[in-house]
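**Q** Below, each chain spelled out in residue letters.
Protein chains: 2
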Amino acid sequence: MSTKHLIYMPLGGAGEIGMNAYVYGYGQPGKERYILVDCGVTFPDMDGSPGVDLIFPDVSWLAERADRLDAIFITHAHEDHVGAIGHLWSQLKAPVYCRAFTAIHAQRKMEEQGQDPANVKVVEPWPATHKVGGFEVGFLPISHSIPESSALVIDTPEGRVIHTGDFKLDYSPVVGEAFDPKLYAEVAKDGVLALVCDSTNVFSGHPGRSEATVGPEITKLISSQKGMVVATTFASNVARVKTLAEAGVAAGRSVCLLGRAMRRMIEASVEAGVLSDFPSTVTVEDAREIPREALMLIVTGSQGERRAASAQLARGKYLGLSMADGDTFLFSSKVIPGNERGVIRIINAYSEMGVDVVDDNNGMYHVSGHANRPDLLELQNIVNPQIVVPMHGEHRHLREHTKLAQNAGRMSVLAPNGTCVALSGNTPKVVEYVETGRTYLDGSVQIGALDGVVRDRIRMALNGHAIVTLIIDENDEPLGEPWVEIMGLPETGRSGAPLVDVLEADLAQAVARADDRVLIDDDKLDELLKRTTRQSANDEIGRKPEVTVVVSRLS
Amino acid sequence: MSTKHLIYMPLGGAGEIGMNAYVYGYGQPGKERYILVDCGVTFPDMDGSPGVDLIFPDVSWLAERADRLDAIFITHAHEDHVGAIGHLWSQLKAPVYCRAFTAIHAQRKMEEQGQDPANVKVVEPWPATHKVGGFEVGFLPISHSIPESSALVIDTPEGRVIHTGDFKLDYSPVVGEAFDPKLYAEVAKDGVLALVCDSTNVFSGHPGRSEATVGPEITKLISSQKGMVVATTFASNVARVKTLAEAGVAAGRSVCLLGRAMRRMIEASVEAGVLSDFPSTVTVEDAREIPREALMLIVTGSQGERRAASAQLARGKYLGLSMADGDTFLFSSKVIPGNERGVIRIINAYSEMGVDVVDDNNGMYHVSGHANRPDLLELQNIVNPQIVVPMHGEHRHLREHTKLAQNAGRMSVLAPNGTCVALSGNTPKVVEYVETGRTYLDGSVQIGALDGVVRDRIRMALNGHAIVTLIIDENDEPLGEPWVEIMGLPETGRSGAPLVDVLEADLAQAVARADDRVLIDDDKLDELLKRTTRQSANDEIGRKPEVTVVVSRLS
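Which chain is which? The protein sequence lines are A and B, in order.
If you count the first sequence from 1, position 370 lands on 376 in my numbering, and the numbers rise without skipping.
If you count the second sequence from 1, position 363 lands on 369 in my numbering, and the numbers rise without skipping.
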């Protein structure tokens, strides 16, 4: 096969909500020139990735072909689209294209990781376009919850592709450009080969509501409260932060932003000139002097994050401010699945303080930034693509979105991470499956998700850890008896004696009985000490710990 | 104060949904005679209690006064009400009263923990009553989701208390006795001092629906499916298992129960004669031979538990059965907050197999076993208590339930775990706060939640673990250099050299430079080695691990 083809392949984002990274390629098979769309992160959790700081898509497939990567495009400034650029850029080394506001974030992320921010190119939106390799790409404004969110118009020799990025159909989005159906119809009028489309809300059956519907309800809520009102949302949801601040001011309160991420996001938006009419806020110092019935705080920590302002306030004083009986706390947000425990912990802590907690109230105080099921169909109808390729979603979202498109009479292809789809021709075709995965940022180190490091942490958390040391003298005889330290194990078990004493006694016996051939052989000795420790612990405490053996030979 | 008083004090269940344990006492302060209502468990999670097997309320307060404990009453056979009885009975040593079906479970739990099941007394329901200490207690049938669920009528010299246990107002509950408002009105007609009431669903604003409404909808769903149908619910939700089985049969399918807990619960119910009309089921062996369009499995694992049947099927074959493209999986259940990740993992695995997953569909295929907000008010109106004492809920539930009762014009008292409330007199009064907490079953050992064992596990999971060993000879000189083993840490960091080499080099330097006064002092040497390891690791991998130091002295 030497015919040139157009391929699409997700490296991240098509198997999870988060860590978006989509490759497009054009050329002869094996010689394609590539572009990458988005380079995001996802967040670790205690269940599956304890101790990990951030999660990136494993881009090694693309890194091995970096000489054929012509550009990286970032659709918008949310962490799951731009958050990995600084960390992964040294493997990819291609120019990064974004609109001005997104570029502020991308450049900062480059700088923070010691990369040259000049690699980030600021570009104008559609109708401006940018030729890279076999592609010509334009940033087509689309409504979401952060300024300058854009779909990409990707023109290829095979036809036009529209890659939505994250979006909703919002005609009054509070920040950023409103969705303009005429613009999309115009762009699509000569035919669209493929719509590569956000799947996040495919299970939400009702049409999405505009950000503009939220403010009046929140104003009403705040006006009826007697104490301090504290509201939280995602720091990066610039639209909502503005909605909240305006609602606070409309209710006659001074507004104070708490939490570094939120202040930084708003400052960046103001500096970039995309948020010129944000209400004036007061400093924390001033807030302390304002009567609580005249004060509103907007804080980070909508997902119950332990270090965010919401959690700090739930534990007591934060920057001299504290919640009290009669105050109100508003979650202007949804809980991301998996974060429920952290959020509920905060709600109960506030309950103990006598604070009334208000949630999104079935959408009255929160709307999503993503297109719902009917909105996805509406966009399909406007753009009328030959093929719908669902992206940004777990497998269940992608599958449902595929069925939705097919039931509407369109071709659609289910392409989870690593699926290489040829979009050329009359039907999309899977041409290859590529190994993909996750890279963990662990402290300052990048490790593979399957390297075993995190697996060992989980094992220690589930089983505890016993450390056995033994000294073997110059004659290959034990010098003294094995010594045991434990961590994460009960101090006593069935017998009532200290666990370490029980383990040491059993180990001493095992060593005393051991054959010379075992004592001279590190592997056999290691195996004997491990097995004995595990059996002894199991008898005593009903649990087989992880065991580390250190044999020191004096020779 | 030598006047006798009536007290109520939760040891568990009033601060969480789970591990119910409520003490009632009557007598002179400090000399009360006690009864305990329920003795349940709650379940661990990776976030807060990794490696733990089960969680009990810490009953040490009551155990110290066990000579004044006259009886334990179990309201029904759910784990969060009966699950801890075998584990905690040796501390309490009082007769256990339950109705026949509950007794089957209580007796088995006693036997499993080596306690004499004869301590479990089978009693008849109301109007039978049982005199214990200053109390006279009767089991008043109430509707829930398991047979023989009962409220307790607790007569005291201060008046009558009704303790609801778990309940809903279901006039056609599929299993167990229907709620009988006339019976409750009759019991309450001479006045009720206090209604101690389940708070689980206080945030659900609409009236609860009967279990009987679920079956027809599920039958319709099953009838319209072409492939195998697999449904899951809590194994202990006997009512739902029956509803599902009847729906399967009504849809013309053979029904097979998968999962030990579910089979055992149904068998126990049938044996006890409380489930005489359960549809006949087929064995797993037979199920393998039945065409999938004629088969329905009812399986354990509604919360995504890794070892349950639902998760096993999601991973592939289970007992010779497997899911396939075109099959349907129904969650006839709600996800308990905190279990979302496990459930979503299964849904995505099924999605990859081409299985359609159906959730409760806004209550169409699932109703709760607990009374909703309007139902709580309805019960208050029927019983007309002087005081409402919310129990079984997190703090937020208890607080909301207290407000609900107060807004309805009743006295109510917010009494989280450890709050001792005197119910005598004209107003309830908090007379004491007692230290309460959690006991972990960890392997075969009971440990306190604050013993530090689990904290150490969490630290190892978040930070990794480095083990440093050093031998000091008879002259207090290092024999060789420090040796490092790591677990749960990256193998290489910034320098590219193996992490253990970097740590060992830095440790060797630190030891070489160390003063004699450090080398002869175990504490100082330990501190030096720990500090050096943490600093060195932080430089190399950006993370300060947990460190265990083992110094062996040849003296």
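Be careful, since some hints might not be right.
Since copy identity is lost for identical chains, a pair holds within one copy or between any two.
The calculated BS3-like cross-link candidates involving lysine-lysine, where the alpha carbons are at most 25 Å apart (straight line), are [stated by the list, open to error]:
hint: 1; residue 1: K530; residue 2: K37
hint: 2; residue 1: K530; residue 2: K409
hint: 3; residue 1: K232; residue 2: K99
hint: 4; residue 1: K340; residue 2: K137
hint: 5; residue 1: K99; residue 2: K37
hint: 6; residue 1: K10; residue 2: K530
hint: 7; residue 1: K232; residue 2: K409
hint: 8; residue 1: K10; residue 2: K340
hint: 9; residue 1: K37; residue 2: K550
hint: 10; residue 1: K10; residue 2: K409
hint: 11; residue 1: K37; residue 2: K409
hint: 12; residue 1: K536; residue 2: K226
hint: 13; residue 1: K10; residue 2: K37
hint: 14; residue 1: K127; residue 2: K188
hint: 15; residue 1: K37; residue 2: K195
hint: 16; residue 1: K530; residue 2: K195
hint: 17; residue 1: K323; residue 2: K127
hint: 18; residue 1: K530; residue 2: K188
Keep in mind the hints are simulated off the structure, nothing from the lab.
**Q** It remains to establish, for every hint, whether it holds in the given structure.
**A** Hints, verified against the model:
Proximity of K530 and K37 under a CA criterion of 25 Å is satisfied in neither setting, with 52 Å inside one chain copy and 62 Å between copies. For a Cα distance limit of 25 Å, the shortest separation of K530 from K409 qualifies neither inside one copy, at 57 Å, nor across copies, at 67 Å. Proximity of K232 to K99 under the C-alpha cut-off of 25 Å is found in neither arrangement, the shortest distances being 55 Å within a copy and 51 Å between copies. Proximity of K340 and K137 under a CA criterion of 25 Å is satisfied in neither setting, with 39 Å inside one chain copy and 51 Å between copies.
In this assembly of identical chains, K99 and K37 lie within 25 Å of each other by CA distance solely inside one copy; the values are 18 Å within and 78 Å between copies. Neither within a single protomer nor between protomers do K10 and K530 lie at most 25 Å apart by alpha-carbon distance, with minima of 58 Å and 70 Å respectively. When the C-alpha separation of K232 and K409 is checked against a cutoff of 25 Å, the pair qualifies only between copies, where the shortest distance is 17 Å, while the shortest distance within a copy is 49 Å. Neither within a single protomer nor between protomers do K10 and K340 lie at most 25 Å apart by alpha-carbon distance, with minima of 45 Å and 50 Å respectively.
Taking identical chains as interchangeable, the C-alpha atoms of K37 and K550 are never at most 25 Å apart, the minima being 52 Å within one chain and 45 Å between chains. Neither within a single protomer nor between protomers do K10 and K409 lie at most 25 Å apart by alpha-carbon distance, with minima of 29 Å and 70 Å respectively. Proximity of K37 and K409 under a CA criterion of 25 Å is satisfied in neither setting, with 33 Å inside one chain copy and 69 Å between copies. Taking the shortest Cα distances, K536 and K226 never come within 25 Å of each other, neither inside one copy (65 Å) nor across copies (56 Å).
Within a single copy, K10 and K37 get their C-alpha atoms as close as 9 Å, which meets the 25 Å cut-off; across copies the closest is 90 Å, which misses it. For the identical chains of this complex, K127 and K188 are neighbours neither inside a copy (28 Å) nor across copies (76 Å), given an alpha-carbon limit of 25 Å. With identical chains, the CA atoms of K37 and K195 are never at most 25 Å apart, being 31 Å at best within one copy and 87 Å at best between copies. For the homomeric pair K530 and K195, neither the shortest alpha-carbon distance inside one copy (74 Å) nor that between copies (77 Å) is at most 25 Å.
Taking the shortest alpha-carbon separations for K323 and K127, neither the intra-copy value of 43 Å nor the inter-copy value of 52 Å comes in at or below 25 Å. Proximity of K530 to K188 under the C-alpha cut-off of 25 Å is found in neither arrangement, the shortest distances being 75 Å within a copy and 75 Å between copies.
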